[in-house]
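Read off the chains here:
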Amino acid sequence: MAKPSQPAVKPGDDAQERRNFFTKVAAVVIGGFVALIPAATGLAVFLDPLRKKSKAGEMLPIAPLGAVPDDGIPRQFPVVAEHVDAWTQSKQPIGAVYIRRLPGQEKPECLSATCPHAGCFVAYDKPTDTFKCPCHNSSFAVDGAIIEPSPSPRAMDSLESEIVGGEILVKYENFYTGKAEKIVKL
Amino acid sequence: MKALVDWLDSRTGIRDLMHEALYERIPGGARWRYVWGSTLVFAFTVQVITGFALWMYYSPSAQTAWESVYYIQYQTAGGWLLRGIHHFMAQAMVILLALHLMQVIIDGAYRAPREVNFWLGLILMQIVLGLSLTGYLLPWDQKGYWATRVATNLIGVVPLVGPALQQLVVGGADYGHHTLTRFFALHAGILPASLVGFLVLHIALFRKHGIRYKLPPKFADTSFWPDQVLKDAVACLAVLAVVLFLCIRPMFSGEPEPGVPVTWGAELGAPADPSNQYSAARPEWYFLFLFQFLKLFEGWGESGELLGAIVIPGAVMGLLFLMPLIGKWNLGHRFNIGLIVILLAGVGYLTFAAINEDYQARWTDHGQFAELLPVIEELGNDEEKIHSHFAGDAARIAEYREQYQAYEHYRKSDEYLKAVEAAEVESHRAIELASGPEMIPLTGAVTLLRNDPLIQGPRLFAQHCASCHTHLPPPVEGAEPSPLLAKASAPNLYGFADRAWLTGFLSADHIAGPNYFGGTAHAEGEMVGYVKDTLSGWEPDDVRKVVLALSAEAKLPAQAAADAKDSAEIEAGRALIANEENCTMCHKFGDAGELGAAPDLTGYGTREWLIGMISNPMHERFYRDANDRMPAFAENENGEGNLLDAHSIGLIADWLRGDWLRPAREEAAVEVAAEKADADAPPPADPPTNTEAAAPAAAPAKK
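Those sequence lines, one after another, are chains A and B.
Residues in the first sequence are numbered from 1 upward in steps of one, following this note's numbering.
Residues in the second sequence are numbered from 1001 upward in steps of one, following this note's numbering.
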């Protein structure tokens, strides 16, 4: 016949209770510590992308000036850059822009092809001379101004450009979508 | 056997476990309405099994994700079926979830004491939707890439933490390797592990509280095994049958269109490319309602997206979580049933609206806009023009606006369908190239498309050449030629240098027409005069020999067999060209003639010749001062300041020549078609052009 189980601590046994209290504290501290180290390490690595900055923002050569006639019609160009993607680096298209020149003007106007609403690729619609987003129906005038009513909170994102040695350079940047303000993704 | 089971039971208590698992009491007997939970467990089990098998092949990186999925789909025995089952079972799970949720709410199975289990169920639903969302990106194809860009951009609108959260999900500032590794870790690790954990709790609580049944029970109680298990098994079989049917549906969709590859199992789009416009981006069908919902916030500015993507969906989910508490009131249960019916009806309506908006051009008669089109072209949406055109008549203006809106909806749908079609062409081409002899390079399949004349040629042509030239095939019989032809100021380059093109070019009736020199200064030039005055007097057979010889110079892939067959006539034609009284009076041809007066005919239409012509038409080999407005696209040998780089010019030249990789079966078809067309070729006096319905010799080779 099995013996009835005895309580681990006899009531009133203060020394035993004190010992058990320290045992509990030690178990929690050591158990917490052994769990904390891998968890904290994992968390640090998980949060690592917050340290990463976008390489966008450099002046990049897009096209020779002659490729954009001064007829006011926007032309689409890929943005090709040395792109670092984690462990690889290669020269490749990283996005696209629309560039146009107004009649008689040398200075080009440059717009990002990314819709400021949710990030789809905006298409230029020649018959209506407007930009239309194929996703949520945002429309923009040829100069990028918002055509109301539109789900987009702001106009298309204009990009800084300059001409150097007959070549159009554009400061290609990504911006947060869905914001009324143009905020650069860093 | 019994001894073995006894031994195992004494050590594990397996008999009690099995008894508990199989002999749960089912009050009122087994019923079909109880099967949904089991079908969901079955669906998840299928996803785990197929997911593990896919995992053995899948490689999450920007250069290997699409490539490894392509390998699974097209190079692995049964890979298409495995992927198809995984793909369609994921969709089945969403439907089963909706049915399970409805059943639980209608039956009141969320009320005390089952509140916690209901909440666990809602968490499981979120996890399943999370699995769908993360899985959509993993093939790294265009549709997954662009849909995920939208989804992750929406995270960015969350106040305060949005941008940081977005960066954590994307794995950095830009989309790339780490977006895939993170989504894969979520899809194959964190979410399924969480799902298993919550599922164990869900089933444990379900067992604790038992099935919720109506009193009094209609039938006698039974046990889970075998009655309910049989019903569950039949339901699972039905789910599997539907999924398998979807995988093999091409078997039931009639004869495939010629040249269109049949897709078994799940589709695979073209590889993701951030620089390539993709106008067919849509989320999976079960997220279409959210996609459509966002469109309702036109004019709301920044708050619209926050409301449409975060606040309202979050509030709806919050309401679902509150259902057990609401259900405590007398009318609470009815309110909950009403709420779920309204929610599902809303989801159904928005899904239908999204589909209708995208596909309405398929069932809309374009003819109804025929009379309206010229007015729309003139007025568009311009307030002033509209007001002036209708002399301020409010009723007519309102009618015009209505018609304009209807047309705009049609046009948008038509553009979407064209974008879908173009995306399919691109995806088939990517698969075709990946299956080619050179396979996929280390830089990834996206470079296959970036270097493919068939895909890049038309784009480059549209951007750099189409403001002057056309590339129009002959219209089908009875159809009018394209109005673009009359507007063009330079030749139609469709079939450039092939026999049909040159037959038309050397015809007195056509050389000064819209397909050739009609829009150029050469319409009044010496060549037109020579063709009209001199060549028209030649024996037709001699003209044909010149056409064959000149066309053979181009060494067009589609004409290789025909050129080999007609070598004798080609030789005779070469002699005619080289004769100093004929072409070499002005042109150079091999050793005969001099450069300077007219384009060099040596190697006419070859890749090298075309690259030279596009690079600098003012070069002494081509038109020199007689060049009519054609820009030099690559005048500088060092490449600086050129309008086009050498790679792009090469792609245009290859595309114009029809020189691109073809699968073996198509190659054989091209040769047969070219031979047949050559045998049926009309005499030179009656050349096929796109103003007269006739197909050029190499038409089957072109897409």
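Source of the hints: derived by calculation from the structure; they are not laboratory data.
Heads up, a few of these hints could be off.
Said to hold, decoys possible - If the Cβ cut is set under 8 Å, some of the chain B residues that face chain A in the computed set are:
| # | residue |
| --- | --- |
| 1 | Gly-1078 |
| 2 | Val-1157 |
| 3 | Phe-1297 |
| 4 | Glu-1305 |
| 5 | Ala-1419 |
| 6 | Asn-1638 |
All residues carry an ideal CB built from backbone N, CA and C; glycine is no exception.
Failing hints, ascending? 1 and 6
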